[in-house]
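Position chains F, G, S and H with the ligands against the provided structure of chain C, taking the given hints into account.
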Amino acid sequence: MNMEYILETRGLVKEFKGFTAVAGVDLKVRRGSIHALIGPNGAGKTTVFNLLTKFLEPTRGAIVYRGQDITWRRPAQVARMGLVRSFQISAVFPHLSVRDNVRVALQRASGKSFHFWRSERSLDGLNDRVMALLDEVDLRSFADVVTVELPYGRKRALELATTLAVDPELLLLDEPTSGMGHEDVGRVTELIRRVAQQRTVLMVEHNLSLVANLSDRITVLQHGSVLAEGSYAEISSNPQVMEAYMGNAA
Amino acid sequence: MFEWLGISQQALFGQLLVGLINGAFYATLSLGLAVIFGLLNIVNFAHGAQYMMGAFVAWMGLNYLGIDYWWSLILAPLAVGLVGILLELTLLRRLYKLDHLYGLLLTFGLALIIEGGFRQAYGISGERYDIPEALNGAFNLGFMFLPKYRGWVVAASLIVCLLTWLVIERTKLGAYLRAGTENPKLLQAFGVNVPVMVTLTYGLGAALAAFGGVLAAPIFQVNAVMGSNILIIVFAVVVIGGLGSIIGSIVTGIALGLIEGLTKVFYPEGSSVVIFVIMAIVLIVRPAGLFGKEK
Amino acid sequence: MNAATEYLRVAGLHAYYGESHILHGIDFEVRRGELVSLLGRNGAGRTTTLKAIMGLTDRRTGSIMINGTEAIHLPAHRVARLRVGYCPEERGIFSSLSAEENLLLPPVVGSGGMSLDEIYEMFPNLATRRRSQGTRLSGGEQQMLALARVLRTGARLLLLDEITEGLAPVIVQTLGRAIAKLKSRDLTIVMVEQNFRFVESLADRHYVIEQGQVVETVAADELQAKAGLLERYLSV
Amino acid sequence: MTFDRTRLGFIALVAAGLVAPYLIYPVFLMKGLCFALFACAFNLLLGYTGLLSFGHAAFFGSAAYLSGHVIKELGVPPEVGILIGTLLGLGLGLIFGSLAIRRQGIYFAMITLALAQMVFFLCLQIKETGGEDGLQGIPRGRLFGAIDLSDTLTMYYFVLAVFLIGFFFIYRVVHSPFGQVLKAIRENEPRAISLGYDTDRFKLIAFVLSAGLSGLAGATKALVFQLASLTDVHWQMSGEVVLMALVGGVGTIYGPLAGAFIIVTMQNYLSGFGSWVTIIMGCVFVACVLLFRKGVVGELSGLLTRR
Amino acid sequence: AQSGKMSDGVVKIGVQTDLSGIYSDLAGQGSVLAAKMAAEDFGGKVNGVPIEVIAGDTQNKPDVASNMARRWFDEDKVDMIVDLPGSAAALAAVKVAKEKNRIAMVSSGGTTRLTNEDCTDRTVHWAYDTYALANGTARAVTQQGGDTWFFITPDYAFGHSMEKDASEAIKAAGGKVLGSVRHPFPGSDFSTYLLQAQSSGAKVIGLANAASDMMTTIKQANEFGISPKQRLASMIVMITDIHAMGLKTAQGLLSTDGFYWDLNDETRAWSKRFFERHKRMPTMIQAGVYSATLHYLKSIKAAGTDEAGAVMAKIKATPVNDFFAKNGKVRADGRMVHDMLLTQVKSPAESKYPWDYYKVLKVIPGDQAYMPVSKSVCPLNKK
Ligand SMILES: Nc1ncnc2c1ncn2[C@@H]1O[C@H](COP(=O)(O)OP(=O)(O)OP(=O)(O)O)[C@@H](O)[C@H]1O
Ligand SMILES: Nc1ncnc2c1ncn2[C@@H]1O[C@H](COP(=O)(O)OP(=O)(O)OP(=O)(O)O)[C@@H](O)[C@H]1O
Ligand SMILES: [Mg+2]
Ligand SMILES: [Mg+2]
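Residue numbers (my numbering), protein chains in the order written: chain C, 1 to 250; chain F, 251 to 545; chain G, 546 to 781; chain S, 782 to 1088; chain H, 1089 to 1471.
Treat the hints as calculated values from the structure; they're not laboratory data. Every residue, glycine too, gets a C-beta built ideally from N, C-alpha and C. Misleading hints may appear alongside valid ones.
Not everything, but these chain S residues come out facing chain F in the computed CB check (under 8 Å) [unchecked claim]: (1) F902; (2) L1071; (3) K1075.
For each label pair, taking beta carbons as the anchor points, the in silico distance ranges come out as [stated by the list, open to error]: (4) Y517(F) - A109(C): 51 to 57 Å; (5) H350(F) - A109(C): 52 to 58 Å; (6) Q758(G) - E419(F): 46 to 52 Å; (7) L336(F) - W72(C): 15 to 21 Å; (8) S209(C) - I531(F): 54 to 60 Å; (9) T1086(S) - E1205(H): 55 to 61 Å; (10) D603(G) - H95(C): 14 to 20 Å; (11) L804(S) - L1468(H): 36 to 42 Å.
Excised from the complex, chain C in its bound form:
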C-alpha cells in the first residue's frame, strides 16, 4: 500500500457516444494535501469526479484508493470507504430540517440505519455532534429551519457540514464556492482549510484566488487530458495554461 498517495488514477478514459470526455488521465493525490483540478469548461473535471465516485463507469483505466482498486465498486461502497463528494449543483434534503440533514449523514456510522423497529430517539445521542458540525459552518441558529427556505449560500454550507458528518478521508468538492457571495467565500475558504488539516481534499474550482490560496498542488485538464501540473506559481506562469484557461487574469 502506497502511503504517500491516497488516490491514484491510471490511464482513466471515459467515452460518451463518439465523444471522449476524459482521455487518459493519470492523477495522483497526496495524502493530507489540498489538490485542485482546474481547466476550461468542458475539460472533463466533473466527469473525472463522477468516475472517482462511481456515478459513472470508466471506459478504460483504473482507480486506486488507499491502495485498493475501486474501479468497479458501487457508489455507496466507495462513500463508505471514506471517499465522499459534494455536488456542483447544491445537494441537500430540501424538506428535512437543517438538523435532520446533518443527522441523517451522521447516522450512517452509528450502524442503526436499518433498525426499522427502533424509535428515532435512539439517535438522540448524535445531537451534540450535529450541533457541533452546524457550529462549524455557522448554521446553529438555523437548526430547525426547513432546508428549502435557506438562501443558496447557506445551503452550500449545510451541504459541507453534511459531507463532513460522514467523516471522509478524501473529500471531493465540485465548485464549493459557486454561487456564493464574498462573505461566504471567505468563510468556506477558512472551513476547507480547517477541514483539510485531518483530511485530503480534491476540488474543482474556477475561483482562482481560492485555488491560489488553498491548494498545495494543481492539475490542469484540457480536452480530457492533463495539460500541466504543479504548484500555483508554476501553473500560473505556464503559457499554455494562460492561454487555455486563465487568460490574462491572475
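Below, chains F, G, S and H with the ligands alone, put in the same frame as chain C:
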C-alpha cells in the same frame, strides 16, 4: 401445405394480418396518450373515456343529426377535442405545479364521471354503428377475407401516426412542446404562449383518442365501457415504447398487436397477460422503455 | 432623467412566493443602452427582482415600465414579446432538446439578434457539442448556452442572472468583451453578479439590494468614493 | 408537546376501536379495518419512500388466497393461516422489489403493475383459487385453538388487534432511524448515495415490509369474509388502495385509515344507486384533487396547525 | 325470524343485482322493477304486514355480494334476496343466506353449482341455468343437422361449464366438437378466434360468451364473412342483447331462452305493463324475478309465517303457475323446473313491430331441459 405447430401457413398469414390491424389501432390510441403524457406530464386516465366519447359522438351524429361516418371522422374528434380543451381550462390547469399523481387522480375521476354518465343514459349493452356503405364487403386475399373496413383502419391509423410524429419531432412546434414539458415557465419567459399551447395539446390528445373511437365504432359495439377495457393495454404500449416517445408508441403498438395476435393463436388464454410479461421484461432490461431516453 | 431614453423603470415592486413576501418595494431605472448591476448578498432578492420583472413570481405589485409599456399585469410571454431576454440563474437547459435545438428554441422577438455563426464564433465549445443532449454539456457549457440563447432573439433588454458562474477565467474575459459589444449596439442590460470584478468595468451604475429593497445606488464614477460603503454591504 | 399529542391520538384511536362495535355494524368496521391496514401499508411505501406501486393487490390478494386455502383445505388454525399469508406477501414483495426497485416514478409503477397482472393471471388459471367463483366458505376456526372466531364480536376484536399491531409497527418504522433514511432518499437520492447509503437496499426493505403488511391485511380479510376472490388481486384493487391513501392524505399516519373508511363507506351506502355511484365516486375524486389535495387528514391537520 | 308468526313487522325483499356492470341491462333496474311489481300486484301487504323492496349493486363481486347480504340480514331485516347476477356473487350470497337462515332466490346467476355441490336448503334457482341453455341449444341444433361444432369460450368457470354441458349434449345427439378456443375475459377483438373457427370447417360456431363479448363476436363474424356461411349458436342470449345488436347483425342466431314476451296473451299482458315503466321488454331474468317474488309471497301467505324453513316448505310444495311458468315445480335441490324455448332471431324483414325479435322454434319441456335429478350431486335430493 407447410404447417407450423398445427397452423397452416395461410391461417398464420391471416392471423398476422389481424394482429397488424389491431396493432395499428393500438398505435393510434397510444399516440394521444403519449402526446399528453410526454408533453404535459399527465397520465391521462380519461383517455379511454375520450375514445368512447368519440364513438358515441359519431353514433349520436348519425342517429340524431344524420351526420355520416366520413363527416364524423372529422367532427367527432373536433367535438371531443373541444371538450378536452374545456376540461383543461377549467380543471387540469390547476394541477400542473403538482405531482403527477394528482393529474392521474383527476383524470381518473373524470373518466368515472363520463363513463357513468353514458352508462346511465345508454345502458351497458350499448348501441350499434354500421360500417359505412363504401367500405362494406371484403377483399379476397386468397388466404383470408380482409374486410375492406379493416384495411381502411390500418391505412387511416398509419397516416395519422405518421403526421403526428412529423409534427412533434420535426417542427418548431414540437420543440416547444418538448421544452414545455420540462420547464414551462422558462419557455413562457422566452415569449411562447405556453398556457394556450398546453390547452391545445390536450385538445389534440383528446381528439386523437376520439378519432380512434370513430374508427372503432363500426368494429365494436359502441358502449360506455369500451374505453376502460382497452385503456390499460394502450397504457402498456406507451410505457413499453418509452413514455413520451411518439415513434416508440407507434412501433410498439404495431409490434404488440402482432405479438398478441400470435399469442391468441398459440395460447389464447395468455393473450391478456402477454403484454404485461413483455412490459416487465422490457422495463427490467431497458428502464426507460424501448425508445425512451434515460435521464 | 430624460423620459424618452428611459427604457426600464421599476417602481414600488413587491413580489411574493406563496405566502412569503420577498421584495419590499424595489425602485430603479435603466436608460436605453445602459448596463446596471444589482449587487447584494445571497438571498437579498436580486434573482427575484429579475423574475418579478419577467412575471415569473407567484404574485407581484407595483409598476414595471418597459419602453413605455406597463408590464406589471402582463403574463411572462407578453413581457418577452416586449423584446426582453432572460437568462436564468439555474440556466434552464432543456434535456429533451439538443444543444442546437436549445439555442434555436426561443422565438425571435425582434430584429437585430446575433446569427448562429456569430454565436458559435463567440462560444466554440457550443459548436463542437451542438448535437449533444442539452443537459449532457458541462456546467460551463450549459452556462454559455443559456446566455447565447437570448442573444439570438433580438431582445433589446437583457436580464442576466449570474452569467459568469462556473466559467473559466478565459471565457469570462471573452464574455466581458461580448457584453461590452452588446452595450455598444445600444442594448439595455440588467445584470445580477457575484463577481464584482466582472461588472465593475462594465456597469454604468450599481444598485445594492438588501432584504428586498434598494439600499444604495452607486454610479460608475462614484466607485472609488463609495468603495468602503460597498465593502460594508457586500462582505461582512 | 408533539410527543404528548401523538400519545393522545393513539389512546383515542384504541378507545374508539374498543367501543365502535357497540355503535356501528361490526362487519362493516372489520372491512374498514382490513382495508385501513392495507392502505397504511401502501402509504408506508408511497408516503414515506416516495414509491408509487400499482401492484399492491398482488400481495393483498395472493395472501388472501393462500391463507384461505391452507385454512380451508389443510385445516391450519387461523393465526397460522394469517402468518402464512403474511409470509407470502413478504416473499412476493422480495421478488417484486428486487425486479422493480431500480426503476423510478411511473416506470416503477408500471413494473409493479405488470408483475401484479402476472400474479392475477396465475390466480385466474390455478384451479385451487376457484376461478371467478373465488375461494368461498373459508372457516374462521378457533384462534390459538381456543377462541371461537365465528362470533362476530370476537372476530372484530381479533381484527382490531391485528390492525393495531400493523398500525403501530408502521408508525415505528416511519419514526425509526431507518425511516429517517427513507425520507432522505425520497428527498434526494443521489445525495443519499454519496453519503454512503445503499439506497436500493433501503427501498427494498421498505417495499418488502409494505408487501408483508399488505399480505397481513389480505389474509385477515379472507378470514373476515370467509372469501378470497379475483377482486382481491385485480388491478382495480391496486387502484383502490391508491385512492384510499390519497383521499385520506398521503404521508400522514392517520390519513390512510380515514381514507379507507371513507371509501368503504361510500361503497357500502351508495350501492343502491347504480351508475350514479360511479359518477358520485368520480366527483369525489375530482373534488379531492381540487379542494382537499392533502387528503382529509392532511387538510384537517393543516387547519389545526394554522390556528 | 324464528318463533313469531311475522318477524319485524315487515317482509323485506332485497334485490341484489348489477346496477352498473355488464349485467345491468339484462337484470339491473329491470329486476328491481319486477320485484316491486310483484309486491304491488300482491297488494303491498302479506299476512297484514307491509312488503318492502330494497335494491343493492353487487358489481358482480362475490365479496360485495356476501358483505351486502350479511348487512341486509343483520341490520336491515331483509327476509329474502332475489336476482343475484354473476355466479360468483350468487354463490357467495347464497352461503350467507343459509348461515343467517333466510331465503335466496337466484334468477340471474346461471351456474349449476347452485343446485349441485353448493346447494342449500335455503336456495331456489329460478329462471334458467347454464345446463338448460347449453343443453337445449346444442341438442336442438345438432338434431337439425348442425352436427359439427367449434366453440368460442371465455376463459372462466362459467364459460367452461357451458362448453362442457353443450359438448355432452352434442355428442349425445350424434354430433362432433371439432375444436374450441378460450379467450380472456373481457375480450375486445375476436377476429383471431373467428378465423380459427372458420378454418376448422365446423358447421356451427358455438358462443359460450355473454353480453358485450358475445355481441362483438357476432358483429365481427358478419364483418369477416363467417356468418351466415357457418351458423352461430349462442349459449346465452338475452332479448336486450338482440335489441342492442340489431336484427341485421343478429339475424339467424339460435339460442335457448326461458321466456319470450310475445309468446301468448298472458306474457304480452304482463310484459306491456313492464314495458310501460321500464321502456324495454323484460328479459327472462326480469320476468323470473317477478315470478319468484310472487311465488315467495304466496308461500308466506300459505305458511302463515315468514320463517324461512316454513316458507321454503311451501315454496317446494306448491306448483308455479303464472305467465312465466306453467306447472313449474321447485325440486328438493332448489331447481325450479319449467319449459324452455328454442328461439331463432328474425331477419329485419320478418320483424313486424318493435321488439318482434324471435321465432320460437320449439318448446323444450322442463324435464328435458334441466339436468335430471339423477345427475345432480346435491345431497338434498337424496332425502
Ligand atoms: N453524459 C454525457 N454524454 C455526452 N457528453 C458528455 C456527458 N457528460 C459530459 N459530457 C461532455 O464531456 C465534456 C466534459 O464535461 P465535464 O462536465 O466533465 O466538464 P467540466 O470540466 O466539469 O466543465 P465545467 O467547468 O464547465 O463544469 C463536455 O464537453 C460535456 O459536454
Ligand atoms: N421559490 C421560492 N419559494 C420561496 N422562497 C424563495 C423562492 N426562491 C427564493 N426564495 C427566497 O427569496 C429570497 C431571495 O431569493 P433570491 O433568489 O432572489 O436571492 P438572490 O439575491 O438572487 O441570492 P442568490 O445569490 O442566492 O441567488 C431568499 O430568502 C430565498 O430563500
Ligand atoms: Mg463541471
Ligand atoms: Mg440569485
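Evaluated hints:
1. F902: Holds - the Cβ of F902(S) comes within 8 Å of chain F, reaching about 4 Å at its closest.
2. L1071: Constraint on L1071(S) satisfied, holds at 6 Å.
3. K1075: violated, 11 Å
4. Y517(F) - A109(C): 51 to 57 Å: Distance hint for Y517(F), A109(C) holds at roughly 54 Å.
5. H350(F) - A109(C): 52 to 58 Å: Between H350(F) and A109(C), where Cβ atoms are some 36 Å apart, the hint is violated.
6. Q758(G) - E419(F): 46 to 52 Å: Given a distance of about 48 Å, which is inside 46 to 52 Å, the answer is holds.
7. L336(F) - W72(C): 15 to 21 Å: violated, 56 Å
8. S209(C) - I531(F): 54 to 60 Å: holds, 55 Å
9. T1086(S) - E1205(H): 55 to 61 Å: holds, 59 Å
10. D603(G) - H95(C): 14 to 20 Å: Since D603(G) and H95(C) have Cβ atoms about 19 Å apart, the given range 14 to 20 Å holds.
11. L804(S) - L1468(H): 36 to 42 Å: Holds: the Cβ-Cβ distance is about 40 Å, inside 36 to 42 Å.
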